[in-house]
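Residues -20 to -1, 1 to 395 in mature numbering (1 follows the signal peptide of the UniProt record, and there is no 0) are what the sequence shown spells out, letter by letter.
For the record, the hints were derived by calculation from the structure and aren't laboratory data. The beta-carbon is built from N, C-alpha and C at its ideal position, and this holds for glycine as well. Check the hints yourself; a few may be wrong.
If you anchor each label on the Cβ, the simulated ranges turn out as follows [claimed, not checked]:
(1) D73 x P336: 35 to 43 Å
(2) A294 x E1: 18 to 26 Å
(3) A77 x K152: 43 to 51 Å
Derived EDC-like pairs: lysine to aspartate or glutamate, alpha-carbon spacing no greater than 16 Å straight-line [as the list claims (entries may be wrong)]:
(4) K164 x D85
(5) K130 x D107
(6) K47 x D33
(7) K47 x D369
(8) K305 x D85
(9) K319 x D22
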Amino acid sequence: MKTFAGVAALCAFAAVGAHAETSVKVLRPESNSPDLQQFWQDVIAEYEAAHPDVDVEIEYFASEAYKTKLPTMLQSDARPDLIYSWAGLTLVDQVEAGLVQDISDALEQDYLDSFSPGALAAFSDGDAIYGLPMTARLVVFFANEELTGKAGIDLAAITTWQDFLDAVATLKEAGITPLVAGGKDKWPLHFYYSYMLLREGGAEAIRAAMEGDDAGFESAPFLAAGEKMAQLAALDPFQPGVLSTSAEQGNTMFGEGKGAFLLMGDWAYTQTIGVDQGDLLEGQLKILPFPAIEGGAGDPGATLGGINGYAVTAGAPPEAVDFLKFLVNAEHQRLGAQKGLFVPVMQGTGEAIQVPFTQEINAMIEASPEHQIFLDQFLGASVGGTINDISAELVSGDVTPEDAAARIQEAWDFR
């Protein structure tokens, strides 16, 4: 096994061990979790021991670098064989460009039947299957109960958006930073906009906009989501320098007790504030669903997150598919669940979850009436990038809700 740390992007895969006849090259975003890194090392070592003619190489990039470099790498002669994917229209665009391949002929029906139907559908188009799901992801509010307790806030009483705004104001009065976020990377702020949109109009509003119904992306739910973002920003709730703070730095700041709330995906638990560091877990860390918005048409139980996995690139050898099937098998799904590394997507494997945090995340996903994939992936790279941009600009006050909605519509029209 070879590992690379995000350098020499276009040639990092060029050197292949002489002992192996076939190389399988995996590209994924970097993880700060030693437990997850060890999981990968163990799976690769196990596979290579059983397949001595195959050398599995894995390269990591920081999340934003991954998204930026991936299109170029897919067009190069040194393209990876397996790529981390958030599915959505980003994957559809890769399919239409001929950058990923249909692997359905290599997958047995019994194996396919072991997946939760919704998870497998994220990587499918009709009978064609372009990759395999591996994890379910969920965006929630992480809360530091010690800080909220100092301000006299009852977390259980935060059920509506107004309740949350009141909590923000109370924290500021107590001299506590209410929210931390990695605004430099923008996508952490798009979680706010996305959830507000889900609460205002539901997933139906997103689908209607995609189909061109009503006013498209300039319809009332999109405008209302922008207004709610501006309303929040007017309270100055974030840490100083929010727009110069990376996602990883924001997670770390929360883990260090520098803010009361963090809206982030469940992966932040193992990355910076959970299993690996743990200082915040001694009775301090709580998670909350995004609150309901009074008068909103969306289901208040709807969730935002992802069905994440790996797509197989065009021209990848059969061994790439074989390794992917090995990576995503019931044994490894249960192992990841048991260690609290992720919520698995194979049926029956969630029973192996032992970490209370992951059990709670799994229960929230299972109870959700609709699980919306991250909008910056669901709507494709160009439209998703625009949503990330306007989310940051709504926080900075550099765009109005009306102009933000118009820019999303324009990006959709010219995608």
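Each hint tested on the structure:
{"no.": "1", "hint": "D73 x P336: 35 to 43 Å", "in the structure": "holds, 38 Å"}
{"no.": "2", "hint": "A294 x E1: 18 to 26 Å", "in the structure": "holds, 21 Å"}
{"no.": "3", "hint": "A77 x K152: 43 to 51 Å", "in the structure": "holds, 47 Å"}
{"no.": "4", "hint": "K164 x D85", "in the structure": "violated, 42 Å"}
{"no.": "5", "hint": "K130 x D107", "in the structure": "violated, 55 Å"}
{"no.": "6", "hint": "K47 x D33", "in the structure": "violated, 31 Å"}
{"no.": "7", "hint": "K47 x D369", "in the structure": "holds, 15 Å"}
{"no.": "8", "hint": "K305 x D85", "in the structure": "holds, 13 Å"}
{"no.": "9", "hint": "K319 x D22", "in the structure": "holds, 13 Å"}
Checked against the numbered hints listed earlier, the structure breaks hints 4, 5 and 6; every other hint is satisfied.
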